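Protein chains: 2
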Amino acid sequence: MKIAGFDIGGANTDLAVIDFENGEIKEIKTDFEYLPMWSQNDKLDATLIDLIEKICPVEEIDAVGISMTAELVDAFETKTEGVIDIATTCEKLFDVPIGYIALSGVLSLEDLIKNPIDVAAANWKATSQIVAEIEKDCIFVDTGSTTTDIIPIKNGEECAKGRTDFERSATGELVYTGTLRTNLTSFVDFIPINGKDYHVASELFASTADVYNVLGLIKDEDFVCATCDGAGKSKEESARRISRVVCADLDILSMDEITEMSKFIHQKQVEQIASGLKEVSEREGLDKVVVTGLGKDILCAEAAKLLNLDFKSMGDYYTDEECVVAPAIGTALMMKNFIS
Amino acid sequence: MKIAGFDIGGANTDLAVIDFENGEIKEIKTDFEYLPMWSQNDKLDATLIDLIEKICPVEEIDAVGISMTAELVDAFETKTEGVIDIATTCEKLFDVPIGYIALSGVLSLEDLIKNPIDVAAANWKATSQIVAEIEKDCIFVDTGSTTTDIIPIKNGEECAKGRTDFERSATGELVYTGTLRTNLTSFVDFIPINGKDYHVASELFASTADVYNVLGLIKDEDFVCATCDGAGKSKEESARRISRVVCADLDILSMDEITEMSKFIHQKQVEQIASGLKEVSEREGLDKVVVTGLGKDILCAEAAKLLNLDFKSMGDYYTDEECVVAPAIGTALMMKNFIS
Chain H
808 MKIAGFDIGG ANTDLAVIDF ENGEIKEIKT DFEYLPMWSQ NDKLDATLID
858 LIEKICPVEE IDAVGISMTA ELVDAFETKT EGVIDIATTC EKLFDVPIGY
908 IALSGVLSLE DLIKNPIDVA AANWKATSQI VAEIEKDCIF VDTGSTTTDI
958 IPIKNGEECA KGRTDFERSA TGELVYTGTL RTNLTSFVDF IPINGKDYHV
1008 ASELFASTAD VYNVLGLIKD EDFVCATCDG AGKSKEESAR RISRVVCADL
1058 DILSMDEITE MSKFIHQKQV EQIASGLKEV SEREGLDKVV VTGLGKDILC
1108 AEAAKLLNLD FKSMGDYYTD EECVVAPAIG TALMMKNFIS
Chain G
808 MKIAGFDIGG ANTDLAVIDF ENGEIKEIKT DFEYLPMWSQ NDKLDATLID
858 LIEKICPVEE IDAVGISMTA ELVDAFETKT EGVIDIATTC EKLFDVPIGY
908 IALSGVLSLE DLIKNPIDVA AANWKATSQI VAEIEKDCIF VDTGSTTTDI
958 IPIKNGEECA KGRTDFERSA TGELVYTGTL RTNLTSFVDF IPINGKDYHV
1008 ASELFASTAD VYNVLGLIKD EDFVCATCDG AGKSKEESAR RISRVVCADL
1058 DILSMDEITE MSKFIHQKQV EQIASGLKEV SEREGLDKVV VTGLGKDILC
1108 AEAAKLLNLD FKSMGDYYTD EECVVAPAIG TALMMKNFIS
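Taken in order, these protein sequences are the chains called H and G. Numbers 808 to 1147, taken from our numbering, label the letters of the first sequence in order. Numbers 808 to 1147, taken from our numbering, label the letters of the second sequence in order.
Chain H extracted, bound-state conformation:
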């Protein structure tokens, strides 16, 4: 039995196809594609099919699970509109059972229509299924391209105090910062260069992908988002974008200075994630951390270290590729239980 789990984010659509044999996982295959849902949500159907066909013929899929966060993009007036629109696209596409990951479990289309908000930004619910298998009492920290989920798990069950994205913005459980797409000006106010503090320009001149590209902390194939200036993804082009953040250019700043700036920015983002993790850890009395997502090593683990918290990496149990799409794997697993 083959189950597809999609995690439809604002910027990336992730897929995991799990092949089950006698109820056990035989094989997991994963992939993802950059799809900016704020401008190209009309291409969602083509993207979903493309992704599946790269892994296996769509006819071999027995069921499809869907989790989403893309309902927040500003192409939709409300989350309700976004959830319904995305679900409608999915229903037209597949002839097999489809389930939607919700805060209350897995919903059919019928149940989704009764309470669409239950499905909004519930993908961390899917991730918590996998993490609970690794550690029954812990906080998992999942930093993707754009956001960081910090979710407490007790006795194998997630117990996030905030339920929606909005609520989790106030509980430390959602830190809206990520490995690739984050505007540097959102978490850095000034950057020290040669002993002086330079305040940053409030434009979208550079994103975190540029910083980790310059520092060599992400692979070329992981730099999947668009660049801020439409130019390329070489280290020099990333450095040029970073130089603009302090109203400079590469005539003014050297590569060594850009590297120093990048290290400072990296540290600031670690501190930002640590701040949410500290809040959740102290409130819930949990001191074990499981890290995952594209930023698991360079951001989540560093945040745990900063707070002297014990941490395990999902990377010790799954491949790096699987960790990047953890919510999609969790979605497929929840869908399997739903139809079994």
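Keep in mind that the hints were calculated from the coordinates and are not lab data. Quantities reported herein were computed from a predicted structural model and do not represent experimental measurements. Fair warning: there could be bad hints in the mix.
Put simply, identical chains are the same to the list, so a pair is met inside one copy or across any two.
[What the hints assert, rightly or not] Distance condition first, Cα-Cα at most 25 Å in a straight line; then the derived DSS-like pairs of lysine-lysine:
#1 K1070 <-> K1026
#2 K1070 <-> K1003
#3 K968 <-> K1003
#4 K1075 <-> K1003
#5 K1085 <-> K1003
Starting from the structure of chain H, add chain G where the hints point.
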């Protein structure tokens, strides 16, 4: 004699045409147009001509002064490239004498080519000419759509410690925050709603124009920048954009709550400007302030009040329309002296 002064910014191109009679100002006419230079710098020539023709036939213009900040946009690899590109466009367009506002004064094209960086982001030099007439020892604070210049003047001469945008980012003299285009996440980390602090999403979901639109602090005709989601400029559409900043929507937040959020955001931006003003005021031992620009009343004056500094408004000497394009007026005045 009619002199045109253009201030070519990244997002707005401003024009003042000053009609001189016997060396004295007889009449000032102004206008401005939204021109996003990062994506449409090929339309600069058409925009300059359009603007002039709205005020008077281009044949009646005796000389043209140019100041700029648009060389920073990411369509240009370096500031030098940007300055040369913009100057080349201007030279093709006008058959009368053209001068470029530089830190060292007014340059001909020949001198500009020898030192293009002298012309980069020198428009505040032009503003200082006007302000010095109002107050010989003061700090002027000019908040435009995108940035805030905070420039000390002593004995009628500007004495900014930083000379370039880059240097001024470290001296308090450039605070990269403005009345319209500023991403809220660049200066707000969290927003209190009903007693809880909600952390903001690091997207470009809403800009300061939305906040001042909701609060009724800018006129409809001043809301000249593009909206973040491509939707309209009604109060409700602005409120919807602001709701997304905390991952909410207008199903979750009421207009009253959005208004409370907007007041908090306004206060944070006042504090941001006050922080630069405080640094300059204390360092230079100056306690008189002259406020100008689109944000003169709602931002600059509030920042001066917060610091208990005496302030005058350029609005007491010039019309509101003239204050909005103060660098363009200063540019025309400097050009007049250059050719006289």
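Alpha-carbon proximity between K1070 and K1003, which holds within one copy, between copies, both or neither at 25 Å
Intra 16 Å, inter 32 Å, cutoff 25 Å: intra-copy only.
Is it within a copy, between copies, both, or neither that the alpha carbon of K1070 lies no farther than 25 Å from that of K1026?
within (17 Å within a copy, 43 Å between copies)
Between copies, within a copy, both or neither: which fits K968 and K1003 at Cα up to 25 Å?
between (41 Å within a copy, 13 Å between copies)
If the cut is 25 Å between Cα atoms, do K1075 and K1003 qualify within a copy, between copies, both or neither?
both (17 Å within a copy, 24 Å between copies)
First find the shortest C-alpha distance between K1085 and K1003 inside one copy, then the shortest across copies, and answer within, between, both or neither for a cut-off of 25 Å.
between (30 Å within a copy, 17 Å between copies)
In summary, this structure violates none of the numbered hints.
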